[in-house]
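Asks: Here is how the chains run, residue by residue.
Number of protein chains: 2
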Amino acid sequence: MSSDVQTFEITFLPDNIKVQAEPGESILDIANRGQIHINASCGGEGVCGRCQVELRDGEVEASPGLYLSEKDFAEGLRLACRAKAKGPATLYVPIESRADASSFKKAAKAEENLEVKEHDPMARQYLLELSPPDPADNLADLDRTLGALANLGLTDLDVELAAMKKMPQVLRDENFKVRASVFFEPAIADPERPPYGRLLSLSKATLDETYYGLSVDVGTTSVWVRLVNLATNEALPPIGDLNGQISFGEDVISRIVYAGKGNGLHKLQSQVIGTINGLLARLDEVYPNFRDNLYLVVVAGNTTMSHLLVGVEPRHIRLAPYVPPVASWPAIRPSFLGLDVPSHAVMKIFPSVSSYVGGDIVAGVLASGMYKSPELTLFIDVGTNGEIVIGTEDWMTCAACSAGPAFEGGGVKRGMRAAPGAIEIFNYEPLAKKHHLGVIGRGRPIGICGSGLINIVAELYRHGVINKQGKFVENVCPYVREGEDGLEYVLAAASESGGEGRDVVLTEIDVENLIRAKGAMFSGYQTLVEGVGLTLGDLERVIIAGGFGSSLNLENAIEIGLLPCLPLEKFFYIGNSSLTGATLALMSSSMWRLAQDVRGRMTNFELSETPGYMDKYMASQFIPHTDASLFAR
Amino acid sequence: MSSDVQTFEITFLPDNIKVQAEPGESILDIANRGQIHINASCGGEGVCGRCQVELRDGEVEASPGLYLSEKDFAEGLRLACRAKAKGPATLYVPIESRADASSFKKAAKAEENLEVKEHDPMARQYLLELSPPDPADNLADLDRTLGALANLGLTDLDVELAAMKKMPQVLRDENFKVRASVFFEPAIADPERPPYGRLLSLSKATLDETYYGLSVDVGTTSVWVRLVNLATNEALPPIGDLNGQISFGEDVISRIVYAGKGNGLHKLQSQVIGTINGLLARLDEVYPNFRDNLYLVVVAGNTTMSHLLVGVEPRHIRLAPYVPPVASWPAIRPSFLGLDVPSHAVMKIFPSVSSYVGGDIVAGVLASGMYKSPELTLFIDVGTNGEIVIGTEDWMTCAACSAGPAFEGGGVKRGMRAAPGAIEIFNYEPLAKKHHLGVIGRGRPIGICGSGLINIVAELYRHGVINKQGKFVENVCPYVREGEDGLEYVLAAASESGGEGRDVVLTEIDVENLIRAKGAMFSGYQTLVEGVGLTLGDLERVIIAGGFGSSLNLENAIEIGLLPCLPLEKFFYIGNSSLTGATLALMSSSMWRLAQDVRGRMTNFELSETPGYMDKYMASQFIPHTDASLFAR
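Sequence lines, in order, name chains A and B. Residue 625 in our numbering sits at position 625 of the first sequence, and the numbers go up by one each step. Residue 531 in our numbering sits at position 531 of the second sequence, and the numbers go up by one each step.
Errors might be hidden in some of the hints.
Here are the simulated DSSO-like cross-link-like pairs (lysine-lysine), alpha carbons at most 30 Å apart as the crow flies [as the list claims (entries may be wrong)]:
id: 1; chain 1: A; residue 1: K166; chain 2: B; residue 2: K267
id: 2; chain 1: A; residue 1: K165; chain 2: B; residue 2: K261
id: 3; chain 1: A; residue 1: K204; chain 2: A; residue 2: K177
id: 4; chain 1: A; residue 1: K267; chain 2: B; residue 2: K165
id: 5; chain 1: B; residue 1: K372; chain 2: B; residue 2: K468
Because the hints were derived from the structure by calculation, they are not lab data.
Let the sequences and hints guide you as you build the complete structure.
Replies: What follows is the structure, encoded as structure tokens:
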């Protein structure tokens with residue numbers, strides 16, 4: 001916003017979030033700036049009608065149209081992407097218009113879980129009022145301090161070297177009234193064993209109670225962190241960035257390969273450490289000096305990302321029999337890894353189940369609460385490496401599906417990541433034989449991202465342009481033509497595209513790849529469900545996790561046979577459940593212990609070695625499936 | 001020895017040590033080379049007669065003389081310093097001729113203690129035969145390894161980062177048969193608590209069982225180390241060197257002062273680390289590659305030396321109320337301190353009792369066994385900072401005496417350390433009014449070392465040249481003259497001395513300083529003994545520890561009132577008991593725990609604040625004491 005323009009406040013209900021706005025800005029843009037996620041499947045083109053909001057007070061510049069009748073308009077409904085601010089206004093965002101409303105109904109659930117019952121983080125602070133030494137009481141400083149902690153029941157603490165060195169000065173500067181920060185690591189194998197404890201630091205007994213922990217989700221594509229005040233269990237908003245490793249390969253396999261070459265492991269480690277350090281620097285701007293008060297870091301990541309973070313060579317993850325070097329991680333000093341945090345800080349990393357079902361999934365299951373629910377739940381993280389967990393409070397099985405890169409735009413002729421220029425939304429009007437494109441960033445189309453691919457194939461299948469086998473039906477629509485690789489659908493001619501003079505097309509090979517990918521996921525969870533004598537129809541909940549899930553259109557994902565054909569109200573989008581799970585364990589050592597327990601209860605299946613999987617996979621290579629009864633509504 | 005000379009073997013009994021020798025070498029030199037310590041108070045001048053050995057086989061070049069009658073000679077007695085090798089021979093070293101025979105009788109006792117009953121070092125090795133992973137058993141490497149250790153009862157181990165990084169390669173190189181090295185730290189405060197354990201490394205399951213620990217005695221003056229094969233409890237011979245800190249001050253106070261200036265602490269730490277690294281380099285020559293197999297370091301040192309080693313600012317040790325920063329040390333990574341040892345190695349440091357009764361004394365008491373004896377024992381370490389422990393198996397009290405530097409040659413006009421040129425032995429012939437000097441290194445006299453000072457003053461007092469008040473008696477002997485500082489005794493005129501044209505003299509001020517020092521020690525242990533309602537006559541054993549003790553002549557030390565007047569058979573010289581105690585704790589975690597227990601049982605007295613001490617000190621300022629009955633034989 002330029003400073004010479006009069007600004008005013010737009011208020012969004014029900015969250016009562018106020019955002020400064022300028023005249024002429026779209027309500028969608030203003031909402032985005034306020035981090036209010038409004039569904040805009042078409043990317044703000046006014047073609048999907050899913051961004052309806054309700055004007056409660058004030059005025060906006062708007063008019064009825066294709067998606068809003070006169071009656072709707074009279075009742076106050078507006079399209080957020082088309083309505084423009086003209087003065088102060090209050091708008092209500094109905095649940096249907098929130099991002100991915102169909103799966104979002106219980107999205108807040110994981111957040112609610114952040115209200116952990118016990119205030120028992122692995123790093124805790126104790127205010128100590130020591131009696132100053134005198135000739136009759138000349139205990140050594142450290143022995144005096146540890147004695148006071150022993151009186152609180154904390155015996156036999158290990159002591160951080162740096163803390164010990166600073167101790168004489170701190171004690172005297174603070175007149176022997178100090179805050180002791182202690183790390184407790186609960187014993188896992190032998191629950192009777194008292195936790196291992198380490199005195200991390202002595203510091204000024206501050207009144208403002210800043211006492212921080214950091215949860216980190218290390219994803220293959222992006223890294224998210226969340227600062228938590230462990231004194232109050234207040235979790236600050238997450239911030240994220242692309243994982244710096246992305247320039248060394250898009251998926252875990254290419255990272256593992258790179259790590260095995262020369263100095264590759266070190267380079268990859270430096271990249272991800274650099275990414276996290278960058279996020280810490282951003283936190284610095286908001287919470288100056290939080291670092292000195294940072295004691296605990298809890299990380300969740302997939303198996304490969306965890307190894308690369310710590311600097312453990314991951315090659316055996318991808319070599320049979322797929323044994324990762326480490327599944328359960330010991331406590332690590334993040335400063336040793338190069339993180340810009342004090343030497344006293346301790347890092348715990350979520351345990352993984354197997355080479356391809358990692359700590360991110362364990363954290364996700366923890367965040368989802370499925371481990372404590374009687375409902376038969378499918379937890380699914382769609383991606384190149386797709387992870388699936390099914391089960392209830394009594395049992396859980398899990399598996400990884402090697403879906404291939406189609407969901408991330410790989411192996412697709414004009415595939416790309418979900419970045420500006422990617423076609424994400426696609427509507428086809430069968431009577432007019434016209435399509436509408438929703439492009440991320442609203443510029444010219446350059447390519448197709450994963451969720452766009454699903455939406456396009458679903459819509460074309462729905463309208464008979466693509467058949468059950470994934471082949472284009474000739475002479476149905478004018479966009480299908482013979483291309484270099486057989487029939488293809490022209491999404492945008494070179495003249496309309498942002499793709500440097502290239503047509504943006506969808507080929508039959510692209511569709512084949514998508515079918516292969518969705519089939520791998522489908523047959524994966526089908527194998528797990530049927531392996532325990534149940535059917536997909538028995539599923540009571542489907543929890544969709546991960547970054548890709550957030551842009552997934554449920555109806556379309558079901559249409560192509562990626563997700564099971566169940567009533568939409570059974571689907572829940574859980575957001576970054578890896579980060580949420582890490583945050584829970586950061587806040588509470590009980591949750592950390594629970595995570596180990598949850599992980600122990602997740603029985604891993606290697607699908608490629610599970611009888612029946614290959615047959616199910618073959619049967620899934622249709623749209624939506626060979627067995628149409630699986631998708632009969 | 002030059003290579004073109006025919007060498008032969010000299011065998012020393014009773015230890016049956018064989019040493020290669022050349023014709024013409026003195027038996028004393030040969031014995032020294034074989035580390036057989038033969039008493040040679042005169043420094044090999046043939047004037048003390050205390051180095052008698054018995055020829056059992058073969059021949060040596062020798063003749064009777066002042067100290068050997070024809071009869072003695074016929075019976076095979078020889079003076080080791082005068083007898084020269086001429087061919088293979090076997091010699092018996094009688095107990096009287098062993099170094100400091102009068103106090104040496106049970107010197108081997110501490111060594112015997114090295115036969116620890118339990119083989120339970122804090123670092124232990126386990127041979128693991130893991131089943132290699134296969135598709136049906138795809139546990140992660142670390143989880144597989146920890147699982148095998150858990151099957152041995154070792155649950156919830158922490159894991160060394162470096163070990164984890166190397167693990168995948170080591171396991172596969174060794175076909176999953178490896179040696180796991182594990183550190184166990186026994187809980188002290190809560191003995192019910194299982195020990196803290198850390199997996200230090202995985203390595204080749206070697207057959208030669210090299211598995212090393214290092215004990216270290218960090219003295220203010222010198223540093224000694226001893227390599228121990230923890231697999232066999234074999235302790236290799238100790239090696240030592242001057243503490244590199246010596247150029248920054250001779251005593252702990254000057255070191256503390258230096259540490260407080262600018263970068264002083266870091267410099268002092270670097271010096272002592274450098275000294276130990278130098279000793280490690282010497283061990284390298286004998287035991288190549290021992291470092292990779294070094295897992296545990298146990299250190300004993302006085303309170304100040306321990307702080308300087310770790311790099312903790314020690315200033316409060318010398319400021320009232322004399323509170324050291326640390327008494328009980330946590331486990332420390334010696335590699336963090338700059339020691340040239342692998343990152344997996346762990347260091348434990350003996351706890352101290354107080355600012356001036358340090359871990360070296362705790363280790364000494366451990367080595368002495370006094371804590372488990374019903375006999376009332378005085379343990380005494382004579383030095384600038386003299387330490388005293390008295391007690392039995394039921395109780396122990398201890399104190400430090402600030403004796404001043406006289407015992408180490410300080411505050412004495414021609415004082416020097418016990419180095420070549422120092423007069424150590426002094427015999428006075430009252431009839432001939434002549435003296436004989438024994439000089440360390442047998443060169444010209446340069447000055448007087450601490451033990452020499454005691455010997456000279458005792459001998460002169462014995463023969464009436466010095467009186468009870470420590471003053472020279474005039475006209476008794478020709479060596480007494482009026483000097484710059486009053487009367488003085490000329491030990492060597494400038495023309496005979498090696499002291500750059502200076503006379504080597506003993507002044508009345510020197511004698512005063514010695515009286516002050518010996519009085520501080522005497523009144524210290526007298527205060528402790530009488531404080532529990534006993535008298536010095538009740539003492540059943542006196543154990544003399546420390547480097548200075550080894551050169552102490554017992555009769556002379558009693559003569560001047562430094563040691564209590566008790567039958568000589570009650571005195572025992574225990575050698576470097578600090579190193580021995582550290583070695584015991586290195587070999588056995590039970591001994592380590594016992595050391596904590598022993599330390600807890602040592603009740604510290606601050607003499608300066610103990611009623612009666614000053615009176616006793618004043619009364620001790622005579623030779624041997626104001627109360628002659630204390631020294632009546």
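Asks: Could you run down the list of hints and mark each one as holding or not?
Replies: Cross-check of the supplied hints:
| no. | hint | verdict |
| --- | --- | --- |
| 1 | A:K166 with B:K267 | holds, 18 Å |
| 2 | A:K165 with B:K261 | holds, 16 Å |
| 3 | A:K204 with A:K177 | holds, 8 Å |
| 4 | A:K267 with B:K165 | holds, 16 Å |
| 5 | B:K372 with B:K468 | violated, 39 Å |
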